[in-house]
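Asker: Whenever a hint applies, use it, and build me the whole structure from the sequences.
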Amino acid sequence: MTHVLTTGLVPSGPTRRGARRVLPGFGLTLGISLLFVALIILLPLSGLAFQMAQLGFPDYLNIILSERTLAAFSVTISAAALATVFNATFGLLLAWVLVRYEFPGKRLLDALVDLPFALPTAVAGIALVALYDKSGWMGMLLEGMGLKVAYTWWGIALAMIFTSVPFGVRTVQPVMESLSPDMEEAARTLGARDLQIFRHVGFPQLWPSFITGASLAFARSLGEFGAVIFIAGNMPFETEIASLLIMIRLEEYDYPAASAIAGTILGLALVILILANIAQGRAARHLNGGK
Amino acid sequence: MTAATVTHAPLHPQIAAFHRRQRLKRLALILSAAAFALLVMGLPVIAIVARAFQEGLAVYAANIVEPDTLHAIGLTVLTALIVLPINIVYGIAVAWAITRFRFPGRRILLTIIELPFSISPIVAGLCYLLIYGATGLVGSWLDGWNVQLMFNLTGIVLVSLFVTCPFVARELIPLMQVSGRDQEEAALTLGASGWQTFRHVTLHNIRWALLYGAILANARVMGEFGAVSVVSGNIRGETMTLPLQVQLLYDDYNATGAFAAATVLTLIAVITLVLRSLIEARHPHAS
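Respectively, the protein sequence lines represent chains U and S. For what it's worth, our numbering labels the leading residue of the first sequence as 127, then goes sequentially. For what it's worth, our numbering labels the leading residue of the second sequence as 3, then goes sequentially.
Because the hints were derived from the structure by calculation, they are not lab data. Glycine included, every Cβ here is placed at the ideal spot set by N, Cα and C. Be aware that one or more of the hints could be misleading.
[To be verified] Which bits of chain U does chain S cover? Going by a derived footprint, with three or more residues having C-beta under 8 angstroms, they are: (1) 205 to 211; (2) 248 to 254; (3) 265 to 272; (4) 349 to 362; (5) 367 to 376; (6) 379 to 392; (7) 403 to 414.
Answerer: Put into structure tokens, the structure is as follows:
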């Protein structure tokens, strides 16, 4: 989940080269690790790469550029984009409130933020339908206002919002905790207003973690399945997400088509995470005085 | 930005007005954050419980002891009991190798460890079918020996391992990196065996982080839906884990039964969050 986050914390390892075999267990632990990584992580991933390589480029294009696949991509990407913007904004608000203020119920709010990680996605899915279909509490309320959420694109975006809330909060929060109030107070004595202080003093320092959080939320939303399929309606061309299309192709034993769509989604998520990592690195260097 | 401190001397009216404005802003921000959290995260939980008990306690109890649901609960627990020990051994081994030794490919290994978190559940399940399925590279070879890995418990366990393997390792690596090797080297110098050193020094230092990672991994194993649904084969009463059973009941128009099964998973999630915040409060270094 925080793939991008941890790369900044890469441990440097023991430096005394001569002393590197003092502790026992090198062969055993590395052996277990490599065996596990090979069988559980690398071999299955190579299966996808192999299947895609077998497919050939023209066939790949045929699958990806088919009308139904393109529609699924556009539904998935647009809903994920909305969910990301939404969570990035509310993530800032929640992190700010959790870091800066003391109030009754703060620990409950803190725990609620992690709920989407702890609650199984299928449970979240049926809960959202129960709330937002036309007999649900929210559904009745919104229907009166003329907005249908369940079984529409809005429902997909809503499910994605639910599952990616923690990314927006938890990536920004530690950086916000480390902000020193000195600069803000200096800005205030110079006559800056709250929003100006946040825009020009606080936010630039939060920016790298903000990008990370948003990209993690986006990557997660692209691949989300369990929470979405219950509320999506799953109409081809309209409310069918890419993950569901993979599942449908699998049930038809059309492994090449499933792999082509999966490879594209995976590639897109990885590109976004890598781009965010680069942007984050640049922003961090900029903050540290251009080094 | 924090609230005004209470002073006893009379404040200049402008300062008092400033403090009042700050208090109002603070209240508005807290209220809107709480409203968002309640609307997006709180309401779904309330809805699950309300729907599960809609037709009364007796119907709820009948839904829970329904044989297929009980079987699903058993399968989910069994999966967790197999997956967690393997995850813990792997997590400790990989953290030990990475933080205690320096070897070529160490950084690459560190990246690969985190990779499963960037891969969506359906894609993970698909990868497993492609390799370990009956037509897959490894699967077809094993098929010759009459061994099937997919569409049974083995498949569910394997894909659960993939989905949850980073949890323990990512808690242990930073902690073991910071705590360094001095204590372990001292124990060895004093004549402890490698195993004794590990048990009394290393394990003692990492026990809370280990528990923390295992709790998070457990919640994910028990709740995983997408990846498991690809490889489980969805055989009624046989390879349905609890999240799959929730979907099955829901698609069978037995919504109350689905919500009853969902309350079990919700309870696990709530226990996870409570344990997590307890560990964080008592041992802040563990997370």
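Asker: State for each hint whether it applies.
Answerer: A quick look at each hint next to the structure:
1. 205 to 211: With 0 residues in contact (Cβ-Cβ under 8 angstroms with chain S), the coverage given for the stretch 205 to 211 of chain U is violated.
2. 248 to 254: holds (count 6)
3. 265 to 272: Check failed, 0 qualifying residues.
4. 349 to 362: holds (count 5)
5. 367 to 376: holds (count 4)
6. 379 to 392: holds (count 6)
7. 403 to 414: violated (count 0)
Of the hints listed earlier, those the structure fails to meet are numbers 1, 3, 7, in rising order.
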